[in-house]
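**Student:** Place chain B with the ligand on chain A using the hints.
First to last, the protein sequences are chains A and B.
All residue numbers for the first sequence refer to my numbering, where the first residue is 1 and numbers rise by one.
All residue numbers for the second sequence refer to my numbering, where the first residue is 1 and numbers rise by one.
The hints are all genuine.
Derived, one-sided and incomplete: chain B residues facing chain A with beta-carbon distance under 10 Å:
| hint | residue |
| --- | --- |
| 1 | Q2 |
| 2 | L5 |
| 3 | H6 |
| 4 | V9 |
| 5 | R18 |
| 6 | T34 |
| 7 | Q43 |
| 8 | L109 |
| 9 | I120 |
| 10 | L121 |
| 11 | V125 |
| 12 | T142 |
| 13 | N146 |
| 14 | K156 |
| 15 | L159 |
These are computed hints drawn from the structure, not numbers from a lab.
For every residue, glycine included, the Cβ atom is placed at its ideal position computed from N, Cα and C.
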Amino acid sequence: MDQCPDVLTIQAVLDGEEKSEKVNRHIQNCLSCRQVYRDLSGLVSAADRLGSEAVLPDQFYKTLTARVAAKPFPAGLVAAVMFLFTFLSAYLLEPGYIQWWLSVGMTGQISYVLDIFFDVLFMLQTLGPFWLIITLTTLVVFEVLILNKLKVVEGLNDG
Amino acid sequence: MQKMLHDMVETYGDRIYRLALRYTGDCFQAQDITQETFLRAFQHQNRFDRSKPAGPWLFKIATNLCRNWLRDSREIPVSYSEEFNQSAAPGPEEHYLAKEREKVLVDTLHQLPVIYREVILLKHVSELSYYEICEALDLELTLVKNRLYRGRKMLKEALEKQERWI
Ligand SMILES: [Zn+2]
Numbered sequence: 001m002d003q004c005p006d007v008l009t010i011q012a013v014l015d016g017e018e019k020s021e022k023v024n025r026h027i028q029n030c031l032s033c034r035q036v037y038r039d040l041s042g043l044v045s046a047a048d049r050l051g052s053e054a055v056l057p058d059q060f061y062k063t064l065t066a067r068v069a070a071k072p073f074p075a076g077l078v079a080a081v082m083f084l085f086t087f088l089s090a091y092l093l094e095p096g097y098i099q100w101w102l103s104v105g106m107t108g109q110i111s112y113v114l115d116i117f118f119d120v121l122f123m124l125q126t127l128g129p130f131w132l133i134i135t136l137t138t139l140v141v142f143e144v145l146i147l148n149k150l151k152v153v154e155g156l157n158d159g
Numbered sequence: 001m002q003k004m005l006h007d008m009v010e011t012y013g014d015r016i017y018r019l020a021l022r023y024t025g026d027c028f029q030a031q032d033i034t035q036e037t038f039l040r041a042f043q044h045q046n047r048f049d050r051s052k053p054a055g056p057w058l059f060k061i062a063t064n065l066c067r068n069w070l071r072d073s074r075e076i077p078v079s080y081s082e083e084f085n086q087s088a089a090p091g092p093e094e095h096y097l098a099k100e101r102e103k104v105l106v107d108t109l110h111q112l113p114v115i116y117r118e119v120i121l122l123k124h125v126s127e128l129s130y131y132e133i134c135e136a137l138d139l140e141l142t143l144v145k146n147r148l149y150r151g152r153k154m155l156k157e158a159l160e161k162q163e164r165w166i
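Pulled out of the complex, with its shape left as it was, chain A reads as follows:
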């Protein structure tokens, strides 16, 4: 009589992963190996209860292809353009605004401005070109309004 295979080999037979004819035949003919095989079958059928019939929802592939087709958002580039856009528009409207721009930086409010800036940037990721332009325009109008207000308050033109 040949030697009994270890439990992991018998498990492999049960899982259909052991191709050795000799091992398969041994298990059929050996009483103690058959007992091990039966015990293992109990373990396997308990774990088999985890098997699931769940299927992906119908729109899964459609959503996936849409996401695959979407170009990565050039956040860095858009950030640079927006920065230049607001800076230049401020300068062209009134060169004195730049002073305010810089003074904001000096007084430490720059982080607040940047926070808003990145919030807007984050929001823009989901926008199409049309809404992107609308948002940029709104941003500039808003900027001009704030700057005009400040001009009155700080008397920027006098300084």
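**Tutor:** Quick look at chain B with the ligand alone, frame taken from chain A:
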């Protein structure tokens, strides 16, 4: 390229979804993980050796995403999801019992250490072969066999202990 993606989803989509579903217990979370798996596979397709089947590689990505989910959601206990039973539609009482048993099963699974849980899920939920599990988890064959054996044993014992109470 789209063809490759389509074939991959066709062949492995549901099996990855089931893995994620059992791993997270949440069908929305599971759909997210499955989407992300294919998205990453598509983005990194140059890293993939096309002469080999895509399965193990996809399951490797999916398992990593599941691990990330687990790491980020330590405090939230995994709960039973309605989704599991969608195929069976027995009477109210049977339905209740089946749900109870299902809940016990999933809870028990989540008591196992994650190294055993993963091997069990890949084998019994995603139906991978030993070789595919080795590739997906970067493990030696002996280790896979060993974890499978010990995991099954722990699961059965824990289940018996649990089910004595219902
Ligand atoms: Zn024997």
